[in-house]
Amino acid sequence: MPYLLNSPFKKASLNIMKELSNSQLMRYSRHIMLKDMDIDGQEKLWNSKVLIIGLGGLGCAVAQYLTASGIGELTLVDDDTVDITNLQRQVLHHEASIGLSKCLSAKASLRAINSEIRLNTIEQRLAGKHLADVITKHDIVIDCSDNLITRNELNLQCYQLKKTLVSGAAIRMEGQVSVYDMQATTPCYQCLSQHFGEQILTCVEAGVLSPVVGIVGNMQACEAIKVLAGIGQPLIGKLMLLDASDMSINTFSILKSPQCSVCGEIPFISE
Amino acid sequence: MRIMINNIEHLVDNSELVEIIKQYGAKAPFAVAINGEFVAKSNYATTQVQPDDLVDIVSPIFGG
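Listed in order, the protein sequences are those of chains A and B.
Heads up: the first sequence begins at 0 in numbering that gives the first Met the number 0, then just goes up one per residue.
Heads up: the second sequence begins at 0 in numbering that gives the first Met the number 0, then just goes up one per residue.
Bound-form chain A, shown alone (with noise of 0.2 angstroms):
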């Protein structure tokens, strides 16, 4: 039945991708103009969904630009509130939000910014099951956590789920982004977390400079873009390193570590 191919009712019902409507070919012009974005990336992005955890420096520029840029569906998650120090690097959260739920805070200002993607709010901090519910309901994962306990049990879920991780940090005047894709080839953040041990400083005891999380966020924010378009190269088993004060940028190769307690040859046993 060859017509069947052509007509509208069958076209809809092989293709789950929601269109881009008129109005949102308009309003992103700018990144279908992009040769390798064009209609069908920003397509992608618009059915994409998008797991942020912590709606801090890194978390705040990630979602803005990941919500102006139309991804369709943004899940935050934070179990924090908004303090008066945060107001120096976390652009999402106002003068008026002192008190409210980062997440509600966040999510007022997101909505501003564009009315038309799905913005879901966990005001909890997520491990586990529930953790991993969570994780399975998304394409792509970004760390925007504070912590290495956080980042490692991330990594973990990401890695036996099979979900890419975008992993971000930053301190004083320095940064961090890679990627991970969690494949057989490639490494884990475990394997390059496992140099490091226990965590030593917090932006809360060491500082930080208010645009090198902006910075270091729209990095995780543009290599997630990149993932779910299927444009350009990742950082996938690389570390760029930002250090702010001479502005210079040094990208290192983490290699796979056959030790590695998540992704090497004996790999790790959940409960």
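Worth flagging that the hints you see were computed from the coordinates, not collected in a lab.
One should not assume that every hint holds.
Below, simulated DSS-like cross-link-like pairs (lysine-lysine); rule was C-alpha separation at most 30 angstroms, straight line [said to hold, decoys possible]:
1) A/Lys161 / B/Lys40
2) A/Lys255 / B/Lys26
3) A/Lys162 / B/Lys40
4) B/Lys21 / A/Lys237
5) A/Lys106 / A/Lys43
6) A/Lys225 / A/Lys136
7) A/Lys17 / B/Lys21
8) A/Lys48 / A/Lys225
9) A/Lys255 / A/Lys136
10) A/Lys255 / B/Lys21
11) B/Lys26 / A/Lys34
12) A/Lys128 / A/Lys43
13) B/Lys21 / B/Lys40
14) A/Lys136 / B/Lys21
For each label pair, taking beta carbons as the anchor points, the in silico distance ranges come out as [stated by the list, open to error]:
15) B/Met0 / A/Gln159: 40 to 48 angstroms
16) B/Gly24 / A/Val203: 24 to 32 angstroms
17) A/Ala126 / B/Gln49: 44 to 52 angstroms
18) B/Thr46 / A/Lys161: 27 to 35 angstroms
19) B/Asn6 / A/Asn146: 48 to 56 angstroms
Here are a few chain A residues that face chain B, going by a calculated C-beta distance under 10 angstroms [said to hold, decoys possible]:
20) Gly55
21) Arg110
22) Asp142
23) Glu152
24) Gly167
25) Thr250
26) Phe251
Note that CB positions come from ideal geometry on N, CA and C, so glycine has one too.
Chain A is fixed; fit chain B onto it per the hints.
Below, chain B without anything else, positioned relative to chain A:
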């Protein structure tokens, strides 16, 4: 021999990575990359640095 450590030139007389790390005074925790590639901790003891190698001693960052 001449090597670069964190983008600064150093003259070292020992080619063993562990000795170079010790002489540099690196304080744990850190990771070491040679010519842009991280070295597994288990390989530190057997890794030799070559003249003009670029050695980077990198501290962890976890802040968000």
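How the hints compare with the structure:
Taking the CA atoms of A/Lys161 and B/Lys40, the gap is near 26 angstroms; set against the 30 angstroms cutoff, the hint holds. With a C-alpha separation of about 24 angstroms, the suggested pair A/Lys255 and B/Lys26 falls inside the 30 angstroms cut-off, and the hint holds. A threshold of 30 angstroms between alpha carbons decides the hint, and for A/Lys162 with B/Lys40 the separation of about 27 angstroms falls inside it, so the pair holds. Simply put, B/Lys21 and A/Lys237 have alpha-carbon atoms about 26 angstroms apart, close enough for the 30 angstroms limit, and the pair holds.
For the hint pairing A/Lys106 with A/Lys43, the CA-to-CA distance comes to about 22 angstroms; that is within 30 angstroms, so the pair holds. Our distance criterion of 30 angstroms between C-alpha atoms is met by A/Lys225 and A/Lys136, whose separation comes to about 20 angstroms. Distance check on the hinted pair: A/Lys17 and B/Lys21 sit about 58 angstroms apart at the alpha-carbon level, beyond 30 angstroms; violated. Restraint check: the Cα-Cα separation between A/Lys48 and A/Lys225 comes to about 14 angstroms, which is no more than 30 angstroms; the hinted pair holds.
Pair hint A/Lys255 plus A/Lys136 holds up; C-alpha atoms about 27 angstroms apart against a cutoff of 30 angstroms. Taking the CA atoms of A/Lys255 and B/Lys21, the gap is near 26 angstroms; set against the 30 angstroms cutoff, the hint holds. Straight-line distance between C-alpha atoms of B/Lys26 and A/Lys34 comes to about 47 angstroms, which puts the hinted pair past the 30 angstroms bound. Restraint check for A/Lys128 and A/Lys43: satisfied, since their Cα atoms lie roughly 28 angstroms apart, inside the 30 angstroms limit.
Proximity of B/Lys21 to B/Lys40 is assessed by CA-CA distance (about 14 angstroms); at most 30 angstroms being required, the pair is judged to hold. A C-alpha spacing of about 47 angstroms is found between A/Lys136 and B/Lys21, which places the hinted pair above 30 angstroms, so the restraint is violated. Judged by the Cβ atoms, the range 40 to 48 angstroms given for B/Met0 and A/Gln159 holds: they are separated by roughly 45 angstroms. Hint check: B/Gly24 to A/Val203, Cβ distance near 27 angstroms, so the stated range 24 to 32 angstroms holds.
Range check, A/Ala126 to B/Gln49: about 45 angstroms between beta-carbon atoms, so the 44 to 52 angstroms window is met. Range check, B/Thr46 to A/Lys161: Cβ separation about 33 angstroms, and the 27 to 35 angstroms hint holds. The hint said 48 to 56 angstroms for the Cβ distance between B/Asn6 and A/Asn146, and at roughly 29 angstroms that hint is violated. Annotation: interface hint on A/Gly55 holds; nearest CB of chain B at approximately 5 angstroms, less than 10 angstroms.
A hinted interface residue such as A/Arg110 counts as satisfied when its beta carbon comes closer than 10 angstroms to some beta carbon of chain B; here the least separation is about 23 angstroms, so the hint is violated. Interface restraint check for A/Asp142: the shortest CB-CB distance to chain B comes to about 8 angstroms, inside 10 angstroms, so the restraint holds. With a cut of 10 angstroms, the hint placing A/Glu152 at the interface with chain B is violated, because the nearest CB-to-CB distance is about 13 angstroms. Given hint, A/Gly167 at the interface with chain B, holds; its Cβ is 8 angstroms from that chain's nearest Cβ, closer than 10 angstroms.
Hint status for A/Thr250: holds, given a least beta-carbon distance of 7 angstroms to chain B, under 10 angstroms. At a threshold of 10 angstroms, the smallest CB-CB gap from A/Phe251 to chain B is about 5 angstroms, leaving the interface hint in force.
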